[in-house]
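The task is simple: from the sequences and hints, build the whole structure.
Given next are the chains, with one letter for each unit.
Protein chains: 2
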Amino acid sequence: MLLLPCTPCFEVPSAVTPRWPYSARLAGKKVLIVYAHQEPRSLNGSLKKVAEDELCRQGCTVTVSDLYAMDFEPRATRKDIIGACSNPEFFNYGVEAFDAYKKRSLARDIMDEQKKVQEANLVIFQFPLYWFSVPAILKGWMDRVLCQGFAFDIPGFYDSGFLKGKLALLSLTTGGTAEMYTKSGVSGDFRYFLWPLQHGVLHFCGFKVLAPQINFAPEIASEEERKGMVASWAQRLKTIWTEEPINCTPPWYFGQ
Amino acid sequence: MLLLPCTPCFEVPSAVTPRWPYSARLAGKKVLIVYAHQEPRSLNGSLKKVAEDELCRQGCTVTVSDLYAMDFEPRATRKDIIGACSNPEFFNYGVEAFDAYKKRSLARDIMDEQKKVQEANLVIFQFPLYWFSVPAILKGWMDRVLCQGFAFDIPGFYDSGFLKGKLALLSLTTGGTAEMYTKSGVSGDFRYFLWPLQHGVLHFCGFKVLAPQINFAPEIASEEERKGMVASWAQRLKTIWTEEPINCTPPWYFGQ
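Chains as they are written, first to last, in the numbering used here: chain A, 620 to 875; chain B, 620 to 875.
Keep in mind that the hints were calculated from the coordinates and are not lab data.
Don't take each hint at face value.
Since the list can't tell identical chains apart, any single copy or any two copies may satisfy a pair.
Under the rule of at most 25 angstroms between Cα atoms (straight-line distance), these lysine to any residue pairs were calculated in the SDA-like manner [what the hints assert, rightly or not]:
no. : residue 1 : residue 2
1   : 802       : 831
2   : 722       : 794
3   : 698       : 664
4   : 846       : 714
5   : 698       : 838
6   : 649       : 733
7   : 783       : 842
8   : 721       : 842
9   : 783       : 864
10  : 857       : 730
11  : 783       : 855
12  : 698       : 661
Note that the structure is predicted; figures quoted are calculated from it, not measured.
Take a look at the structure:
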């Protein structure tokens, strides 16, 4: 395998791509990792780091939005609209954000994240499951960044979502064990909690969704097992670009 | 119906309760409304207000946590732990929050919310659906307030959750229409997105869950229809204390 420097990124002219080896063909692919963990030495931190390393090694350009380090604002408020609102008498966040997107008057941090998403071929979300969902700081990223006009319109959602052509993948850790997250387990099949995130957020915006990477209960795993979780993620990433997306419809989640 | 002043609340000695009329029997019941909308004149604002009015009229004590007005912090960070961490070398939010809860050294705003939950017989969450879930500011309330030790322990969850004996109810508005949120609609049955919230959060903490109050697509409804939504919520609240909770298990959400 070619070992490519991570920054600046190795650029491959697309015309010659087919004759190059696998790793070089991936050069030029852009990946955004939206990462939500407070502790760099956590398993989530290791999973983020190994993804960065492996994808850089492939020649991809990798950008990380480290939400806690950025102190990312999760609240969707009037402050997201720079200047006057279209209706100063009655604040409707969705309407105002749509309008501000068109006028390029959204808050700087939102526009920065939108640029990263726009440039990415693949967006990886790396987070610990909080209450069957993403931590609030990452929910805020979704609420604020994926606004109407940028990520979708009405019409212009699901298979017509504006982020179509891009891939997305949820990489997460859980507190509960794999047994708890089965159809007959107390927490139900893990696919049940993925529905709002993979279908309601990612598919809605047009993303093709790759199979989730779920590491169950790392806190009660041995050091050896945790190393295995990191290694198996790195291994998967070696061929991530050859993967077929899941069929993001109810049968994948709930069976027939 | 007795018209009771809202503050201070009408207190009924429990010993005499059975002989009193319905509205007076409810006096002494405590309700917490956790409210997440930026605009007081929104439909969510009206639904919150009518609930406050109706429940006060019944003689209940009603407390409102108006999250945007409070500028409620959604991020789960080191700042939530006052003083030293149990492990200063490696920050694990769940572990530290559990420890701080036991030592009464959680951030003031978390302890304030926990006190409100502890005192409540019923918690109503009033919010617009953002991405098949709660807005980040409300997700942050769940992430930070419902910590281990306060809302659950391991073991001590689902039917043994520490908030057992309390009722909870999601009252929400959607952007999509009722037709979109059906089994064959593009967004799937509305019960699918309720699973993480009602089962993964509320049931996990021991709450008995009352049927959700869902107002579909108020933004494309007429003024008359929106008034009907408010009136029907007020009407339902008149007999809310006689309602049976849902059976919060997979069949309710996904069928057999």
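If the cutoff is 25 angstroms on CA atoms, where do residue 722 and residue 794 land: within, between, both or neither? Let me know, please.
between (43 angstroms within a copy, 23 angstroms between copies)
Which holds for residue 783 with residue 842 at a C-alpha limit of 25 angstroms: within a copy, between copies, both or neither?
neither (39 angstroms within a copy, 36 angstroms between copies)
Under a CA distance limit of 25 angstroms, which applies to residue 857 and residue 730: within one copy, between copies, both, or neither?
neither (31 angstroms within a copy, 46 angstroms between copies)
Could you figure out if residue 783 and residue 864 sit no more than 25 angstroms apart (CA to CA) within one copy, between two copies, both or neither?
For residue 783 and residue 864, the Cα distance is within 25 angstroms only inside one copy (12 angstroms; across copies 41 angstroms).
Between residue 846 and residue 714, at a C-alpha cutoff of 25 angstroms, which is it: within one copy, between copies, both, or neither?
between (46 angstroms within a copy, 21 angstroms between copies)
At most 25 angstroms between C-alpha atoms: does residue 783 with residue 855 qualify within a copy, between copies, both, or neither?
within (23 angstroms within a copy, 42 angstroms between copies)
Taking 25 angstroms as the upper bound on the Cα-Cα distance, should residue 698 and residue 661 be classified as within, between, both, or neither?
Cα proximity of residue 698 and residue 661: across copies only (18 angstroms, versus 33 angstroms in one copy).
Status of residue 842 relative to residue 721 across identical chains (alpha carbons, at most 25 angstroms):
neither (49 angstroms within a copy, 28 angstroms between copies)
If the cutoff is 25 angstroms on CA atoms, where do residue 802 and residue 831 land: within, between, both or neither? Let me know, please.
both (17 angstroms within a copy, 23 angstroms between copies)
Taking 25 angstroms as the upper bound on the Cα-Cα distance, should residue 698 and residue 838 be classified as within, between, both, or neither?
between (38 angstroms within a copy, 22 angstroms between copies)
As a check of your reading, is residue 698 near residue 664 (CA-CA no more than 25 angstroms) within one copy, between copies, both or neither?
between (31 angstroms within a copy, 20 angstroms between copies)
How would you label the pair residue 649, residue 733 (within, between, both, or neither) given a Cα cut-off of 25 angstroms?
Answer is within; shortest intra-copy Cα gap is 14 angstroms, inter-copy 44 angstroms.
Checked against the numbered hints listed earlier, the structure breaks hints 7, 8, 10; every other hint is satisfied.
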